[in-house]
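Trainee: Below are the chains, spelled out letter by letter.
There are 2 protein chains.
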Amino acid sequence: MTTLVFGHKSPDTDSTGSPIIWAWYLNNIKGVEAKAVILGEPNTEALFVLERWSLDKPEIISELVADTPVVIVDTNNPAELPDNINDADIQGIIDHHKLVGGLETKGPIDIRIEPVACTATLMWKMIGKDIAQMPQNIQGAMLSCILSDTLEFRSPTTTNEDKAIAWDLAQALDINIAEYAAEMFAAKSDVSAFSEAELLRMDSKEYAVDGKQFRVSVLETTSPAQVLARKDALMAAMPGVASEDGADQVLLFVVDILNEEATLLVPNDFVKSVAQKSFGASVDGDTVVLPGIMSRKKQIIPNLKV
Amino acid sequence: MTTLVFGHKSPDTDSTGSPIIWAWYLNNIKGVEAKAVILGEPNTEALFVLERWSLDKPEIISELVADTPVVIVDTNNPAELPDNINDADIQGIIDHHKLVGGLETKGPIDIRIEPVACTATLMWKMIGKDIAQMPQNIQGAMLSCILSDTLEFRSPTTTNEDKAIAWDLAQALDINIAEYAAEMFAAKSDVSAFSEAELLRMDSKEYAVDGKQFRVSVLETTSPAQVLARKDALMAAMPGVASEDGADQVLLFVVDILNEEATLLVPNDFVKSVAQKSFGASVDGDTVVLPGIMSRKKQIIPNLKV
Numbered sequence: 001m002t003t004l005v006f007g008h009k010s011p012d013t014d015s016t017g018s019p020i021i022w023a024w025y026l027n028n029i030k031g032v033e034a035k036a037v038i039l040g041e042p043n044t045e046a047l048f049v050l051e052r053w054s055l056d057k058p059e060i061i062s063e064l065v066a067d068t069p070v071v072i073v074d075t076n077n078p079a080e081l082p083d084n085i086n087d088a089d090i091q092g093i094i095d096h097h098k099l100v101g102g103l104e105t106k107g108p109i110d111i112r113i114e115p116v117a118c119t120a121t122l123m124w125k126m127i128g129k130d131i132a133q134m135p136q137n138i139q140g141a142m143l144s145c146i147l148s149d150t151l152e153f154r155s156p157t158t159t160n161e162d163k164a165i166a167w168d169l170a171q172a173l174d175i176n177i178a179e180y181a182a183e184m185f186a187a188k189s190d191v192s193a194f195s196e197a198e199l200l201r202m203d204s205k206e207y208a209v210d211g212k213q214f215r216v217s218v219l220e221t222t223s224p225a226q227v228l229a230r231k232d233a234l235m236a237a238m239p240g241v242a243s244e245d246g247a248d249q250v251l252l253f254v255v256d257i258l259n260e261e262a263t264l265l266v267p268n269d270f271v272k273s274v275a276q277k278s279f280g281a282s283v284d285g286d287t288v289v290l291p292g293i294m295s296r297k298k299q300i301i302p303n304l305k306v
Numbered sequence: 001m002t003t004l005v006f007g008h009k010s011p012d013t014d015s016t017g018s019p020i021i022w023a024w025y026l027n028n029i030k031g032v033e034a035k036a037v038i039l040g041e042p043n044t045e046a047l048f049v050l051e052r053w054s055l056d057k058p059e060i061i062s063e064l065v066a067d068t069p070v071v072i073v074d075t076n077n078p079a080e081l082p083d084n085i086n087d088a089d090i091q092g093i094i095d096h097h098k099l100v101g102g103l104e105t106k107g108p109i110d111i112r113i114e115p116v117a118c119t120a121t122l123m124w125k126m127i128g129k130d131i132a133q134m135p136q137n138i139q140g141a142m143l144s145c146i147l148s149d150t151l152e153f154r155s156p157t158t159t160n161e162d163k164a165i166a167w168d169l170a171q172a173l174d175i176n177i178a179e180y181a182a183e184m185f186a187a188k189s190d191v192s193a194f195s196e197a198e199l200l201r202m203d204s205k206e207y208a209v210d211g212k213q214f215r216v217s218v219l220e221t222t223s224p225a226q227v228l229a230r231k232d233a234l235m236a237a238m239p240g241v242a243s244e245d246g247a248d249q250v251l252l253f254v255v256d257i258l259n260e261e262a263t264l265l266v267p268n269d270f271v272k273s274v275a276q277k278s279f280g281a282s283v284d285g286d287t288v289v290l291p292g293i294m295s296r297k298k299q300i301i302p303n304l305k306v
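Residue numbers (UniProt numbering), protein chains in the order written: chain A, 1 to 306; chain B, 1 to 306.
Since the hints were derived computationally from the structure, they do not count as laboratory data.
Check before you lean on any hint, since a few could be wrong.
Identical copies look the same in the list; a pair holds intra-copy or inter-copy alike.
What the hints assert, rightly or not - List of simulated lysine-lysine pairs, DSS-like, C-alpha gap at most 30 Å: (1) K272 with K163; (2) K297 with K30; (3) K125 with K57; (4) K125 with K163; (5) K272 with K30; (6) K106 with K163; (7) K106 with K277; (8) K305 with K106; (9) K30 with K305; (10) K106 with K272; (11) K212 with K106; (12) K129 with K35.
Could you build all of it, start to finish, from the sequences and the hints given here?
Mentor: This is the structure in structure tokens:
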């Protein structure tokens, strides 16, 4: 049976590109028949990357047949995976997020999690010398994943390994990192086609903090003004999204990639209090700028207090 | 703060030796202050190994102070770890068992799980060329862990990597594997000092199967007659151990290392039915021999049916 390789729901560049990388590795180096799939429509940056490197968009799967062999990449969180993920035949997990618990396997399998910025970085290390056999367009996906997850090395999640591997790939591919990253971020920043509810769910993860359930949404952009122009409509959409998704509150952080800061929307006194307690921010009005905040994983989640 | 490295409760050779190996690596190669500890008295084989290689017995810890940095080895199962394990600052997990879920980390950490027979095998791969700097007695612990977990390569969990690494270590240490393994197994087989309840808990893991909670106990021995001579007393002790530990039934498999078979004790009709359904065994009397059964992980647990 073909092994399916997939990342998290609401696929970004890493969760679209890493399955393609690993399926290539399984098919061409390990001799395991594998297929990259995705759990939803990729974001605009991921679509740009697929087109730029002439990669087919992976098939979107809406359900997972029990006992299907799968490799899970870029997450270990059951909430970000198909409901019946534990009925699958999980063959491997490759990830760079904190262990949240909840995934179970039928036997011992290959699990590799490291605190690097990007799944593709870890795959580069795991593939080792066989990288030499990787086609240029898969290497291009690899570079794109790293530039995306590190925000071109600006995110505090960035490690020296992420940087060194990206530089190595860029040199081999003759890519100017600054120019290419700017194109990727421009693609990600064009969110005009999306509704407010879609924007709130585009890059969003649920977390429980002291009994409150948050949907913590991030929009990384090089043109924050485009998003902030819609702030009233975004705040108006929050209660509906929260209630449909079983959350108490949506928090939207608009991350300004170039200026390395985030703007948090403050629709009510509860979020105002969260902003003050979590980031020591003094809030005046319905937005607050948080200088230096770029990473949900490293800066937002660990500090969240109610 | 010193990082504590430990394996599972009821430490066997791998859960005693692997913390020593990894603490050496952290202290001497990675520059991280670390200390191997154990969660209980080691079994007789592990004690033999410590003495044979002049290694200090690691300190036994009975509680874990919150926020202590820890590396967990040879398990990922919270039930086999201190109750408050998720309050620790878990820095890494190195294991070769199935993912059971339940451990949570505060941030992304290093996790490496592979389906090899032994934690020490995986550590050998992770340590890489720095093995050359490892003192002989730590290398001796490494070899001992592999011979113990593979039952000198007889267990079906054994991989080619386990074998190759053990041979490599034995050659470097000038150890005759057959002779040394026989000494280790003889040490493990001398269980005369233990009560029946201690024997039932010595190498035992809890598993839920279709709503029934089993304590699945294994005694690996080169002299099964020594254990089986006590079968009436062992069966008499089962209800008390089960009820104290919140299990419905203790299953005791006496694994005959040399003849590569297990004898399951059959104290009642429930276990008789489990033996028939799980192993297709035809039971007549209060024991049943299961030819070829050596591994709880690979042969007993996956087949258990009620």
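Trainee: If you check each hint against the structure, which ones fail?
Mentor: Hints 1, 5 and 9 are the ones this structure does not satisfy, whereas the remaining hints hold.
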